[in-house]
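Here the protein sequences come in this chain order: E and A.
Quick note on numbering: the first sequence equals residues 0 to 188 in numbering that gives the first Met the number 0.
Quick note on numbering: the second sequence equals residues 0 to 188 in numbering that gives the first Met the number 0.
Warning: the hint list may mix true and false statements.
For identical chains, the list gives no copy identity; a pair is met inside one copy or between any two copies.
[Claimed, not checked] When the alpha-carbon atoms are kept at most 30 Å apart in a straight line, the in silico DSS-like pairs for lysine-lysine are as follows:
#1 K4 / K29
#2 K155 / K129
#3 K152 / K101
#4 K152 / K29
#5 K29 / K155
#6 K101 / K155
#7 K153 / K129
#8 K92 / K153
#9 K152 / K181
#10 K101 / K147
No wet-lab data here; the hints were simulated from the structure.
Only a predicted model underlies this, so the values are computations on that prediction, with no experimental measurement involved.
Protein chains: 2
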Amino acid sequence: MKLNKKDRQQMLQTTIRNTPFITDEELANKFGVSIQTIRLDRLELKIPEVRERIKHVAVQHFDQVKSLSIDEVIGEVIDLQLDQSAISILEFKREHVFSRTKIARGHHLFAQANSLAVAVIDDELALTAKANIRFTRQVKEGERVVAKANVVKKGKFRTTVEVNSYVEKELVFSGDFVMYRKEDVQREG
Amino acid sequence: MKLNKKDRQQMLQTTIRNTPFITDEELANKFGVSIQTIRLDRLELKIPEVRERIKHVAVQHFDQVKSLSIDEVIGEVIDLQLDQSAISILEFKREHVFSRTKIARGHHLFAQANSLAVAVIDDELALTAKANIRFTRQVKEGERVVAKANVVKKGKFRTTVEVNSYVEKELVFSGDFVMYRKEDVQREG
DNA sequence: TTGCTATTAGTACCTAGTCATAATTCAAAT
DNA sequence: ATTTGAATTATGACTAGGTACTAATAGCAA
């Protein structure tokens, strides 16, 4: 079953999207055409060569790894008063939701809130000791969650941080985090 | 400051680890030696060529993306009795810990426990409504955390799951998760 | 048969290498 | 001072997976 140009190019796109590491030669075999035809197709569809595609995937991954270790807060911090309050925004994308239901996975809401609680503490080291959390409304793919952290109690070694997360005006998550700091690091988070 | 062979090879390794997309030519310039020397070094250190390195990073990333969307549990499930109990193992690597202190970030422990609590529920849909969690000991890079989930209460719409996570015999995390299921999905997790 | 698109072929060139051999440099030991 | 051996550099042939360009051929409709 030989395909016409249009169909072949259609299939070519999805094939390359699914298996980006495929070479022109392999594609030529797959579609029963010459290598030159595949190259013309890629030219028309503006699909780069296999080595560029591989590199693209790798660079993306590498950047992701880098930014994760540099910026240790999950979400974008838009306000930060050390030992007082902080606000971060996280947009829930495909990677944050259950693929079937498109509902956000709880640990991402937790991660946003928890890392904000860590960030608000004005100390070299802050670790979560305890947390009491409520998920009050589903978050769906595409929604932007605004997390607001407030320091509610500050002891010598422990700080209690309250975090409320909203979509628009609606509360979607709230949690009380008991944080340990600096010297007294028997516990973790 | 020209380096001797040993020091150069030492630096070469860390350079390539940090910037794996560097070519032999760039490395030769960086170290003030010929390309051939770099190639001999790579041969001795068993470091593959740049295109292989790029591919390696890309393949890793690609596999990760695939497995994340297929298998939605964080960690490896090694036992699962639906509506009864489940066990998963997660090895804490560099990406799970604070880069400075090498101590595990709390939300990864939470994610392992929470996703196991979701998995143990024998229903189409299970979402976390509430959770009460304690971090009882730090987890360090390289440690393997075994999470054990037990269903402790099963109501019509809610199921309570208790999860305890251990490194060896030591309790590092424990949490009570109140899960909603199926029809009654007003809340989320 | 002409005209047009699609396809295939062929050539020169490119990058970033491998593999093998040979030549050169340098420093330490005799 | 010379020799020896390791380290370094050079050279040439070859590879994969391409780009860029030109030219030839195939298929089909007006």
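Status of the hints after comparison with the structure:
{"no.": "1", "hint": "K4 / K29", "in the structure": "within (14 Å within a copy, 48 Å between copies)"}
{"no.": "2", "hint": "K155 / K129", "in the structure": "both (16 Å within a copy, 29 Å between copies)"}
{"no.": "3", "hint": "K152 / K101", "in the structure": "between (36 Å within a copy, 27 Å between copies)"}
{"no.": "4", "hint": "K152 / K29", "in the structure": "neither (63 Å within a copy, 53 Å between copies)"}
{"no.": "5", "hint": "K29 / K155", "in the structure": "neither (67 Å within a copy, 50 Å between copies)"}
{"no.": "6", "hint": "K101 / K155", "in the structure": "between (42 Å within a copy, 24 Å between copies)"}
{"no.": "7", "hint": "K153 / K129", "in the structure": "both (15 Å within a copy, 25 Å between copies)"}
{"no.": "8", "hint": "K92 / K153", "in the structure": "neither (35 Å within a copy, 32 Å between copies)"}
{"no.": "9", "hint": "K152 / K181", "in the structure": "within (16 Å within a copy, 38 Å between copies)"}
{"no.": "10", "hint": "K101 / K147", "in the structure": "both (24 Å within a copy, 27 Å between copies)"}
Violated hints, listed in ascending order, are 4, 5, 8; each of the other numbered hints is respected by the structure.
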